[in-house]
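Undergrad: Residue numbers (numbering that gives the first Met the number 0): 0 to 237.
One or more of the hints may lead you astray.
Unchecked claim - DEER-style ranges, computed between Cβ atoms:
(1) K15 to P194: 41 to 47 Å
(2) E169 to V127: 49 to 55 Å
(3) L124 to T172: 49 to 55 Å
(4) T108 to E231: 56 to 62 Å
(5) I216 to N193: 24 to 30 Å
(6) H217 to V139: 47 to 53 Å
Stated by the list, open to error - Below, computed lysine-lysine pairings styled on BS3-like, alpha-carbon distance capped at 25 Å:
(7) K98 to K176
(8) K159 to K103
(9) K95 to K212
(10) K210 to K98
Please keep in mind that the hints were generated in silico from the structure rather than gathered at the bench. Beta carbons: idealized from backbone N, C-alpha and C, even for Gly.
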Amino acid sequence: MPWCPNCKAEYVNGVKVCADCGHELVDSLDSSSVTEDSDSNSEGILLDEIKQDLTNNDTTDNIDKKLSGLAGYNELEMKKAAEDFINRPSAVYVKKADKYEDLKSTTSTFLVFGVCGLIFVALNLLGVISFLNGILSLIVMTILFIIFIAIGINSYITSKTIKTQIENEENVTVQIKEWLKNNMTKEELDTIHNPSEPDEVNFFHKIEYMKGKVSEIHPNVSEAYLDQLVEEFYNDNF
0 MPWCPNCKAE YVNGVKVCAD CGHELVDSLD SSSVTEDSDS NSEGILLDEI KQDLTNNDTT
60 DNIDKKLSGL AGYNELEMKK AAEDFINRPS AVYVKKADKY EDLKSTTSTF LVFGVCGLIF
120 VALNLLGVIS FLNGILSLIV MTILFIIFIA IGINSYITSK TIKTQIENEE NVTVQIKEWL
180 KNNMTKEELD TIHNPSEPDE VNFFHKIEYM KGKVSEIHPN VSEAYLDQLV EEFYNDNF
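Hey, can you work out the whole structure from these sequences and the hints?
TA: Quick look at the structure:
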């Protein structure tokens, strides 16, 4: 009688494929087939977990630990998982200076539209123009343009706060880049290189190592900001 080595289900003669999992049936459940299938399932489960973590933007440490458990896996599968990690969608850090310019643009845009809109409503109320008919339309448009002005004012206040942080961020950036230049050498990074692992896996091992060293000096630097600086430095120098 044929058996499914995956589901451990018995089938009648003539059936070739398991109806539940699609696995090819075998004549008997010998220990070797069960063990091999179990190992395959374990690998598949762990790879599925890693892919799910990549989708959810899980932390680098968590994914790195799971990748470390793939030592006995097929090298192509392991390399694919590493490539997925490197190419994963992640939050892009926006520099304070760029954020400040964006907020300035938002401020001017919403304030201009808001003020011009209120003038437009006022002209309708005074009878100079008659594009808006009915009190309800006037009320709705007035509220809308007041919201525009409120957004503009809020963006202006936020931009002033961001502006005070630009100089500090630029100073920290210079300090981190200078420290990396003076302390991170190819020889040091080669000490954590594992020739048995794919290049992609070694890449983010090195990135994590560099980030850890920088974090000891600048513990309050955000993860996204540090990712950007370290990867830029690595790509420019190694």
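Undergrad: If a hint holds in the structure, say so; if it does not, say that too.
TA: The hints, checked one at a time:
no., hint, in the structure
1, K15 to P194: 41 to 47 Å, "holds, 43 Å"
2, E169 to V127: 49 to 55 Å, "holds, 50 Å"
3, L124 to T172: 49 to 55 Å, "holds, 52 Å"
4, T108 to E231: 56 to 62 Å, "violated, 31 Å"
5, I216 to N193: 24 to 30 Å, "holds, 26 Å"
6, H217 to V139: 47 to 53 Å, "holds, 50 Å"
7, K98 to K176, "holds, 21 Å"
8, K159 to K103, "holds, 9 Å"
9, K95 to K212, "holds, 24 Å"
10, K210 to K98, "holds, 24 Å"
In summary, the one numbered hint that this structure violates is 4.
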